[in-house]
Structure formats: C-alpha cells, structure tokens
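Student: Residue 247 in my numbering sits at position 247 of the sequence shown, with consecutive numbering throughout.
Calculated from the structure, these hints are not laboratory results.
All figures in this text were calculated on a predicted structure; none of them were measured in a lab.
Using N, Cα and C, we set each Cβ at its ideal position, and we do this for glycine too.
Please note that the accuracy of each hint is not assured.
Said to hold, decoys possible - Each pair of labels, with its calculated beta carbon distance range:
hint: 1; residue 1: Phe469; residue 2: Ala758; range: 52 to 62 Å
hint: 2; residue 1: Phe285; residue 2: Asn662; range: 48 to 58 Å
hint: 3; residue 1: Asn536; residue 2: Lys511; range: 15 to 25 Å
hint: 4; residue 1: Gly724; residue 2: Trp341; range: 38 to 48 Å
hint: 5; residue 1: Trp713; residue 2: Val378; range: 26 to 36 Å
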Amino acid sequence: MFCSKRGASRAALSMTCALTALLGYSAAQAAEDASAADASEVSEVVVTMAKTTQSSVAMDAQEVQRTLPGINPLKAIETLPGVVFETADPWGNDEQNESLFVHGFSTQQLGYTLDGVPLGDQQYGNYNGLSAARAVISEDVSRISLESGAGALGVASTSNLGGAIETFSRDPSKVFGADVRQTLGSYAATRTFLRLDTGEFGNGNSAYISYAHQSARAWDFDGFQGGDQFTAKYVHDDARGKLTVFLDVSRKIDPNEDAVNFGNQQTAAGQGFIPYTRPFQFPNFAQEKASLAPSAANGNLPGTPPTAQGNNFSNYHSAEQRDDVLSYAKYDYQIASNLSWSNQAYYHYDYGRGIVAGPVNTAGLPALFSVYFPGLTVSNLATPLANQQATLQNIVNQFGGAGLAVRTTEYHINREGGISTLNWTLGQHNIEAGVWYEHNESGQHRVWYPFSGANNDTTPYDIPTGQAFTQDAVDFYTNTVQLHLQDQWRILPQLQLEAGFKSSLQTADNKVLIQQRNALTNTNPTQFPTGSLTTNKWFLPQVGAVWDATASEQVFANIQQNVRQFIPFSQGGNFYGASPWSLGNQAAFNLFKQTVNPEMDWTYELGVRSHHALDLGLLTSFDGQASVYHVDFSNRLFNVAPFNFINPPPSILVNVGGVATNGVDIAGTLNFGPHFQFYDALSYNHSTYSSNFSSAGQIVPIKGTEVPGEPDWSNKLILSTNFGPFQAQISGDFVGKRFATYENDLSVPSTFQVGLEASYQLSVPAGIPVQSAKLSLNATNLGNIKGVSTLVTTSNAGGYQAFPIAPTEVFVTLEAQF
C-alpha cells in the first residue's frame with residue numbers, strides 16, 4: 001500500500017521500494033502502475049511520494065471511486081492520515097455543510113488546486129475559486145495528493161497555512177473507447193457517467209469528452225440535489241513538449257437543510273425544541289403557509305414561525321445554485337535534456353446564488369423591511385400588539401401574501417491567471433523557479449424578492465425574478481503574485497537537501513455599488529468601507545531534507561513559513577471568515593489597515609517512511625509512514641460580531657494571538673499475501689490558543705483551550721480482500737470528541753462509522769463489443785449511527801450549530817468499457 005506496487009513478486013517488491021527511496025517514486029507513477037497492474041492483487045489505498053521533504057500521500061483514481069462512485073475528491077481523502085472531513089450527505093457534495101480539518105487547520109486555511117490551477121479556499125460563499133467536485137467530474141480524477149505541512153512552494157494558493165490538496169485529472173487514453181457507468185441507490189439516487197476517448201490520432205493527439213448527471217433526494221427532506229457537468233481534455237504530446245487544453249462546465253443545484261441550533265443559539269421559548277434534523281418544508285406549501293398564519297402557536301402574529309420551535313423553525317426552502325466554467329491551456333516545453341519550462345493560462349467564471357425562502361418575521365427582518373418600505377409600519381393603533389400585527393400583515397401582503405420572503409446572496413467570480421515554472425537540473429542540483437499571477441473580479445449582492453409563483457421563487461430550483469429591493473452590493477478586485485525559488489541538492493546518494501522561499505504579494509480593492517440602509521433611529525450607522533489593502537510577504541522560507549537511511553527506511557524533515565492573505569468579503573465576512581471589508585465604518589477599516597497583520601505560521605515536521613518484506617507466515621510485508629509535527633500559528637483573527645440581516649453589526653476583527661499545535665500521524669498497511677490487506681491511520685492533534693482576547697470590554701478566557709471542531713484523536717481503517725474478479729473492503733472512520741465553543745464548555749461525542757464496498761468483474765461473452773464490465777455495491781454508515789457530522793462553532797460559550805449524520809445508504813453501480 002505504501003510505496004508498493006500491485007502484481008509484483010515479493011522480491012521484486014523489495015527492489016521496487018529500494019528504488020523508490022533512491023529515485024523518489026512519484027504518486028503519478030504509482031497511479032499509472034496501479035491502473036496497469038494485475039487485478040488479482042489487492043489494490044493500494046495510499047501511495048507515499050518518497051521524494052518530498054514533507055508528509056505527502058496520494059490516492060489514485062481506482063481508490064477514489066471505490067469509496068463511492070462520483071464522490072467529491074475532498075471527501076475521498078478522509079481515509080488519509082490527519083484528515084477529518086465531515087458532511088451530511090454520503091458524496092460530500094453539499095458544500096453548505098462541508099467541514100475539513102487537517103492538522104488543526106480548517107477548510108479556509110488550506111490550499112487547493114486542479115492540475116496546478118488554483119481552486120481558492122473552498123468557502124461556501126466563495127470569492128476566489130470553486131470546489132474540486134465542480135472543477136472536474138469525479139470519475140475523471142487520476143489522483144489526489146495531500147501535503148499536510150504547509151504545501152509545496154509552487155502551490156498556487158494564498159490560504160495554504162496548513163497544507164495543500166492537489167487534484168489531478170486523467171489524461172486521454174491512447175486507445176479509442178467509451179466508458180459508461182450508472183449508479184442507482186437509496187433515496188432515489190441516480191448518477192450517470194459517460195466518457196468518449198478518441199484514442200491517439202494525427203501525430204501525438206488524443207482527447208476525451210465526459211458527461212455526468214446526478215440526482216438524489218436528500219435523506220431528510222424532499223429536495224433533489226445534483227446537477228450536470230461536462231469535462232473535456234485535449235493533449236498533444238511530442239518530443240519537444242506536451243500541450244494540454246482542459247474545459248469543465250458545471251451546473252449544480254443543491255437544496256440545503258439548515259443547521260440545528262443548540263444552547264444559547266435557541267430563543268428561551270424554544271430551548272426544548274432541538275430536532276435531529278432541520279429540514280425545509282418544500283413542496284408542502286399548504287403546511288408552511290398554515291404554520292405562518294396567525295394562531296396561538298405563534299402569538300397571533302402573521303408571517304411568524306411557531307414560538308415553541310425557537311430558532312429551529314423550518315424554512316420553506318433553501319438552495320445553493322452554482323454555474324461554473326473552468327478552462328486552462330498548458331504547455332510543458334522540454335528545452336533541453338536538463339531544462340524544462342511549463343506555462344499555463346487559466347480562466348474561471350462563476351455565477352451563483354444561495355436562496356432562502358423563509359418567514360418574514362425572523363432575525364429582525366421587520367425592522368429591515370421597514371427601512372426599505374417605511375409605509376408598512378403601523379404606529380397609530382391602541383396597543384403595541386395590534387401595531388405589530390398590523391405591521392406584519394402589511395409586510396406579508398408586500399411580499400406576496402404567504403408570510404414568506406425570498407433572500408438571495410448572489411455571487412460572481414471572473415478570474416484569469418497564469419503560472420510559469422522553470423526546472424533546471426545542474427549536476428546534483430534540481431533548481432525550480434516559478435511565478436503565479438491572478439486577477440480576480442468578484443462580488444456579492446444581497447437581494448430580496450416577494451414570494452409568489454410569478455417571480456419563479458416557489459421552488460429551490462428556480463432563479464428568482466422581480467426583486468423587491470437590493471440590500472447591498474459590493475464588488476472586489478484582487479491582484480495576486482506569488483514567486484518561488486528552490487534548490488533540491490542531492491548532496492550524497494542517500495541524502496537530498498531542499499531549500500527555497502516564496503513571496504506572496506496581494507493587493508485587494510473594493511467598490512460598494514449599493515450601500516445598505518440603516519434604521520432611521522440609528523445614530524451610528526453601519527456602512528461597508530471602501531479601500532485597498534496591499535500585503536507583501538517577500539520572504540517565506542522552506543528548508544527540508546530526505547535521507548535514505550536504509551533500503552527500507554527514509555527519513556524526512558521540513559520547516560516552512562506561510563501566510564494567509566486577507567479575505568475580500570462583505571456580508572460573507574460575517575458568516576464565513578474575518579474580512580476587513582466587513583468592518584462597520586471607514587475609520588475602523590483605516591485603523592485595521594495600519595495595525596493588523598495577516599495570519600502566519602511556522603510548520604515543523606519530522607517523519608519516517610518504511611517498507612519491509614516479511615516472512616512471518618500469513619504476514620508478508622509492511623508499509624508505513626509516521627510523522628510528528630509542531631505548528632506556531634500567529635496573528636489568528638476572530639470575527640466576534642454576531643451575524644444579523646438588519647444593520648449587520650460591524651465586524652470586530654480580533655487578533656487573538658497564537659495557536660500552538662502538536663500532533664502525530666501513524667499510518668501503515670499489513671499485507672497478508674496477495675489477497676488481504678489491513679490499513680490503519682491513527683492521528684493525534686492538540687491545538688490550543690495561547691492567550692485570551694477582549695470582546696465588548698469583557699475578557700474571553702480561551703488561553704489554553706482547544707481549537708473547536710477538530711478532535712484530538714481520529715482513526716481510519718480499511719480491510720481489503722481480492723480473489724480474482726471479486727474484491728471487497730470494509731472501512732471504518734473514528735472521529736473523537738470535538739469541542740463546540742471557543743471556551744470549550746460544550747462538546748459533541750465521538751462517532752464511528754463503517755462502510756462497505758464490494759465489486760465483481762463480469763465475464764463478457766464473445767461477440768459483445770464490451771471490453772470489460774463490473775458490478776459494484778457501496779454501503780455507507782452500516783451501523784446507522786446518529787450523531788454530529790459537521791460542527792459549526794458560533795459562540796465563545798453556551799451554544800453552537802450542527803448538522804446530522806446521514807443514515808445507512810446503499811448504492812449499486814454498473815460500469816462498462818467499450
């Protein structure tokens with residue numbers, strides 16, 4: 001599994017691993033060998049990239065699809081050491097409830113690329129990229145690699161404090177053919193994948209085009225999640241170089257459920273109402289409308305959810321809608337035998353929205369509506385209750401009469417960039433120099449619509465029209481330059497040193513197209529500021545070494561500094577991250593610009609990779625990797641202002657000082673002959689805050705508390721078997737206790753989920769134009785356990801939000817290659 005190749009004899013395997021240590025056997029080579037290997041051997045789960053000075057592991061295409069056909073590449077790597085990925089659906093496609101931690105760093109503090117193209121920081125309301133699942137069809141992934149330190153110097157990312165996840169797409173086949181796969185399963189799930197390869201034509205040309213369609217009903221509400229996606233790739237390969245052209249077009253619609261509120265996230269009246277799930281009511285419009293009609297349950301207030309439900313009321317519907325086009329052209333030019341030059345240009349366009357159709361009387365909405373429609377407010381009735389009832393009825397009438405209003409957060413991204421990398425081998429030195437440039441124009445608009453069929457807003461699949469008003473609209477303009485230079489020096493046949501640095505340079509500016517209005521009585525209005533921020537970190541060093549201690553053991557070490565650039569967000573800064581442009585006035589922004597530094601860290605890592613052929617009866621070999629790491633995180637920024645729809649309070653960005661992280665990853669595979677393997681990855685991570693911080697004049701005591709969301713302990717195991725055309729594996733995923741607040745007064749218990757995969761290679765009768773066919777079965781959460789999947793930290797203490805674990809789901813896939 002680690003540094004091993006299927007289909008090899010034990011003697012050959014030992015020789016392979018010795019060469020691996022000496023030559024730096026890459027994940028790409030391992031993946032190619034795996035695809036061509038003898039199918040009678042148990043396939044690898046993890047491949048280590050032995051040439052690197054960091055902990056670097058990869059999964060190939062076969063293992064990605066064995067987990068679940070069509071899986072999000074980020075969810076597929078949850079079996080890798082140090083990775084904790086949580087989501088409320090089995091594919092990991094619902095980005096709203098996606099959570100990822102690697103070595104104490106969360107989703108927004110990691111780096112992501114596809115074939116070298118930056119994918120941004122994977123935030124739900126993204127401004128600089130898109131998810132890996134939208135960037136390439138899952139079945140067209142060739143491998144996924146994880147560098148769990150701070151990422152290689154050349155990774156195109158402004159957020160990879162804690163490592164990089166690089167996804168690579170498959171190249172076209174040299175042989176003409178077609179690939180057809182159909183998945184059916186629980187909750188009316190259906191996924192269709194079609195791919196046509198041209199084979200090689202002309203002189204070194206090849207191409208393919210793929211299409212995927214997915215639709216699956218959410219397991220706890222009547223919304224169908226999925227979409228359509230096209231991927232195409234063209235390659236021209238000759239003696240002078242390789243030209244690659246790639247295009248991906250994705251249209252995705254995922255109806256969302258809401259997180260469940262716990263603790264002080266609940267109103268007092270609804271403290272006792274904490275459901276396991278918080279689904280929306282679509283398509284049961286009659287039930288939703290009846291619940292919002294004046295009654296004793298809602299205090300006789302129109303457009304108001306039942307009081308007893310508190311903040312866990314049900315919206316009518318909610319959805320994430322995203323349209324993306326991602327393309328690149330890359331030319332790898334072999335100038336000389338020891339000199340190569342790679343140039344890549346890319347373009348990404350995104351337009352999308354998050355939609356919520358919910359009651360008009362929640363989260364302070366009547367106050368917001370009264371600012372934009374002051375004539376709706378009634379103040380001349382005899383009692384405050386009558387005034388409130390009349391005002392709410394006016395709002396209900398203004399927004400279509402159902403007691404619902406439709407809110408959208410509308411996004412657009414228009415970015416282009418280029419990456420140029422020069423590699424020069426000079427004696428025992430391998431010198432690499434590169435530059436990445438990106439220009440990005442992005443924006444967020446908050447828009448409100450009446451709820452009526454005429455406005456195309458009565459379902460989560462339609463785009464609303466006929467807006468009532470635009471609350472705010474902000475555009476951002478970001479220019480990023482990243483430079484890097486490194487030298488890999490093989491100082492001895494068994495020892496390679498690596499040293500280099502990168503420069504991360506960014507200038508971001510914004511334009512407020514529509515400024516939000518404030519209540520007439522507000523004497524200190526909240527206004528989105530304007531202005532530019534330039535952050536230039538010219539010298540971010542990296543030093544590492546790889547030592548082939550024996551033919552079977554390799555020791556690696558790495559020290560690296562990195563930075564996370566500021567996030568150019570408006571309202572999204574309150575919800576998804578700490579943004580200077582979410583500060584409540586121009587003076588606060590100007591002060592921030594003068595006094596606050598971006599988040600930075602130093603990462604230290606030491607590890608060993610090992611392979612041993614054994615003669616212990618059934619136990620024939622062992623492959624493994626162990627590493628220890630320490631991270632010093634400085635300038636950690638918190639946004640301590642609560643989110644609100646009306647007059648969002650100014651973001652208060654607090655530098656809470658440092659975070660100290662210590663951890664250990666131990667992963668290995670026991671091979672029991674050619675037919676059985678047992679893989680286990682045990683991880684320990686302990687991340688604590690180094691100081692307290694002040695909020696609203698009060699000291700928040702977080703010094704010594706653990707960073708919420710990631711467990712101290714996690715463990716992944718896979719037992720695999722293979723007999724001729726039959727193969728199967730049982731997987732287990734243990735996630736330890738996780739703290740839910742910054743002060744660690746609340747936590748969620750540990751969970752352990754078990755999954756199953758089994759497949760059978762079908763015999764194809766003579767005369768049928770099918771080269772191969774396979775039938776596979778996948779089952780998730782076999783124990784049907786309940787608990788928390790994604791944990792959302794919302795408070796210093798006393799409350800949090802969470803999404804549930806999906807129940808047992810079963811899928812059957814038939815695939816055939818022609």
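Student: With reference to the structure, classify each hint as holding or not holding.
Tutor: Tested hints:
no.: 1; hint: Phe469 with Ala758: 52 to 62 Å; in the structure: 55 Å, holds
no.: 2; hint: Phe285 with Asn662: 48 to 58 Å; in the structure: 53 Å, holds
no.: 3; hint: Asn536 with Lys511: 15 to 25 Å; in the structure: 22 Å, holds
no.: 4; hint: Gly724 with Trp341: 38 to 48 Å; in the structure: 47 Å, holds
no.: 5; hint: Trp713 with Val378: 26 to 36 Å; in the structure: 58 Å, violated
In the structure shown, a violation is registered for the earlier hint numbered 5 alone.
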